[in-house]
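Student: The primary structure of each chain is shown beneath.
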Amino acid sequence: MEKGIAVTMSGANVVETAQVLTVRLIEMGRNVEHLDAAMAARFGSIKAASYACEVLVRNGVVVIVTHPKLKPKPPCLDIEVDANDTPDFAAEKVLDELAAAGVIVMESSDYSPEEEERIRKRLADLGYIE
Amino acid sequence: MARRPVPGAFLRSRPIEGAFLRSRPTQRVLVIGLDCATPQFVFGPQRFDLPNLQGLVENGCWGLLRSCDPPITAPAWAVMMSGRDPGALGCYGFRNRKDHSYDGMVTANSAAIRVRRAWDIASRYGKKVVVLGVPQTYPVTPVNGWMVADFLAPDTNADYTYPKALKAEIEASVGGYIIDVKDFRTEKKDWLLEQLHALMHNRFDLARHLMTTKPWDFFMMVEMGVDRLHHGFWKFCDPMHPKYEPGNPYENAIRDYYIAMDRRIGELLALVGPETAVMVVSDHGAKAMLGGVCINQWLINEGYLRVADPLGIRKRIEDCSIDWSQTRAWASGGYYGRVFLNVAGREPQGIVRPDEYEALRKEMMERIEAMPGPGGKPLGNKAVRPEDLYKTVNGIAPDLIVYFGDLSWRSVGAVGFDSIYTFENDTGPDDANHDFHGIFIMDDRSGRGGEEVKGLQILDVAPTVLDLLGVDVPEDMQGKII
Numbered sequence: 001m002e003k004g005i006a007v008t009m010s011g012a013n014v015v016e017t018a019q020v021l022t023v024r025l026i027e028m029g030r031n032v033e034h035l036d037a038a039m040a041a042r043f044g045s046i047k048a049a050s051y052a053c054e055v056l057v058r059n060g061v062v063v064i065v066t067h068p069k070l071k072p073k074p075p076c077l078d079i080e081v082d083a084n085d086t087p088d089f090a091a092e093k094v095l096d097e098l099a100a101a102g103v104i105v106m107e108s109s110d111y112s113p114e115e116e117e118r119i120r121k122r123l124a125d126l127g128y129i130e
Numbered sequence: 131m132a133r134r135p136v137p138g139a140f141l142r143s144r145p146i147e148g149a150f151l152r153s154r155p156t157q158r159v160l161v162i163g164l165d166c167a168t169p170q171f172v173f174g175p176q177r178f179d180l181p182n183l184q185g186l187v188e189n190g191c192w193g194l195l196r197s198c199d200p201p202i203t204a205p206a207w208a209v210m211m212s213g214r215d216p217g218a219l220g221c222y223g224f225r226n227r228k229d230h231s232y233d234g235m236v237t238a239n240s241a242a243i244r245v246r247r248a249w250d251i252a253s254r255y256g257k258k259v260v261v262l263g264v265p266q267t268y269p270v271t272p273v274n275g276w277m278v279a280d281f282l283a284p285d286t287n288a289d290y291t292y293p294k295a296l297k298a299e300i301e302a303s304v305g306g307y308i309i310d311v312k313d314f315r316t317e318k319k320d321w322l323l324e325q326l327h328a329l330m331h332n333r334f335d336l337a338r339h340l341m342t343t344k345p346w347d348f349f350m351m352v353e354m355g356v357d358r359l360h361h362g363f364w365k366f367c368d369p370m371h372p373k374y375e376p377g378n379p380y381e382n383a384i385r386d387y388y389i390a391m392d393r394r395i396g397e398l399l400a401l402v403g404p405e406t407a408v409m410v411v412s413d414h415g416a417k418a419m420l421g422g423v424c425i426n427q428w429l430i431n432e433g434y435l436r437v438a439d440p441l442g443i444r445k446r447i448e449d450c451s452i453d454w455s456q457t458r459a460w461a462s463g464g465y466y467g468r469v470f471l472n473v474a475g476r477e478p479q480g481i482v483r484p485d486e487y488e489a490l491r492k493e494m495m496e497r498i499e500a501m502p503g504p505g506g507k508p509l510g511n512k513a514v515r516p517e518d519l520y521k522t523v524n525g526i527a528p529d530l531i532v533y534f535g536d537l538s539w540r541s542v543g544a545v546g547f548d549s550i551y552t553f554e555n556d557t558g559p560d561d562a563n564h565d566f567h568g569i570f571i572m573d574d575r576s577g578r579g580g581e582e583v584k585g586l587q588i589l590d591v592a593p594t595v596l597d598l599l600g601v602d603v604p605e606d607m608q609g610k611i612i
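Protein sequences appear in the order of chains E and Z. Under my numbering, the first sequence has 51 at position 51, and the numbering climbs by one with no breaks. Every number in my numbering is 130 more than the matching position in the second sequence, counting from 1.
No wet-lab data here; the hints were simulated from the structure. Please note: incorrect hints may appear among the correct ones.
Going by beta-carbon spacing under 10 Å, a handful of chain E positions derived as facing chain Z [stated by the list, open to error]:
{"no.": "1", "residue": "C76"}
{"no.": "2", "residue": "T86"}
{"no.": "3", "residue": "R122"}
From the three backbone atoms N, C-alpha and C, an ideal C-beta is built for every residue, glycine too.
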């Protein structure tokens, strides 16, 4: 089973950053839940929402928490979003933290064999290599 | 294609410990990179009429910018924007050995640059950045802003922008992105010239679009057409080139291109305010290419390399049947030479004993440097050991880096030649080689009044950019603030 984690986000552009992060994680094939104020209200109490978060994390889900009063148990990553960061960039920073924590693995950026050969030929045509 | 992160690239949002103190007020920074723009056309007595560049020179400061070794697009732009030499980057050209196997060569794209470049650091400090066409930026990496990749993108079907949505915007705004000129090795010069101008205008159109629609603190673009222009048209324009013919129809092709480019630079300059520092830089210069030295043919003739292929048939060295049990060295070609030794315990079938390694390298350096030219006089070659060039040597460097005839001759990797000298090019015409010095112009709005700065190194650009931006310069950057 994949490793779950809670990511608590605070600071500027939290909602937008959480949305971008959710999409990026789903693209990576991860199960993601966004626990915001509206979602927490449906659990009836902060305590119940915290318990739900704990269960989700235990089952390999990445839970993005933007409810300011919800303090998940570890494993948890606390992120302060910088006001100067675009939501895309802020989300990438979180992804790097998740990669460093071993929660996600970034894909290789190697060329495919066909692309590698095409680039090699281009570089030879340009005279850079022979 | 997904990205691979630079380790720790985004993990640090605090100022870097041990950074240099800042030396001036914070400014926005515009860097216009002109790949291969060469000093003789911009600064020298034969300089072209380039009023916009000249205006920057007269208001700011300027100088010859010593490139890295080797003075090649990759790694030069990465050296420039990381402030680390090729040894520190572990990147010695466009193709590098990934291991000590004989065929393990990989293309050095952005994933090969494992340190933060100026835009990564500026992003970390919350600066908004735009990066357009800078070599070794494909695959794109996240920045606090926008990035358009370089010609190492396979094609425009690839994800060549960050964020991805920028790609559609580019297609809608400037009709698409021209990655590079296609079919560059051609005798159809009218066609080539048209393609080069189209490439240049597309790059400046896109720069203008990004400059006017995105908020930015740091904006950097690189125009690749100058390099392709030099390689494709040098012999038509340089009376010193052996193939120059006075009165040929392309005699002013290079001049006219520079003038057209200067106009486009002027348009960008008109868009930035006086609070913006402007730099115009090139990664290396250019000079006439007199011919090629067939390095592997020389190694065969001198008994260092043994191939089983029939004599007289031209072949890439990669396609030859090399008898590794009888081979002590082989080489790669390009604008400079790379010699690799076949070392026992290092290469799969190495025969050079480790205790013989240094003596063999010394012997080869001496023989390469003593190599006569076609006329019998020494060609003026230089063979250098990587550890003598770089502070550290990461990755797998060539055992020797070779410049033939002070870069007036290229290195030919193919075999099957009658002579070690060739004046033709199997892959098509190419009339210029790279030179060690590029250009540096900076108007930081401090009124430097046309000051010539001597001793500039390509390593100095990144620390200067960060200093202008008001960002602390990492202590391990090797350059100095200009």
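Student: Confirm or reject each hint.
Tutor: Hint check results:
The interface hint given for E/C76 is broken, as the beta carbon of that residue sits about 17 Å from the closest beta carbon of chain Z, more than 10 Å. Interface hint at E/T86: satisfied, since its Cβ lies 6 Å from the closest Cβ of chain Z, which is below the 10 Å cut-off. The beta carbon of E/R122 is positioned within 10 Å of a beta carbon in chain Z (closest approach about 7 Å), and the interface hint is therefore held.
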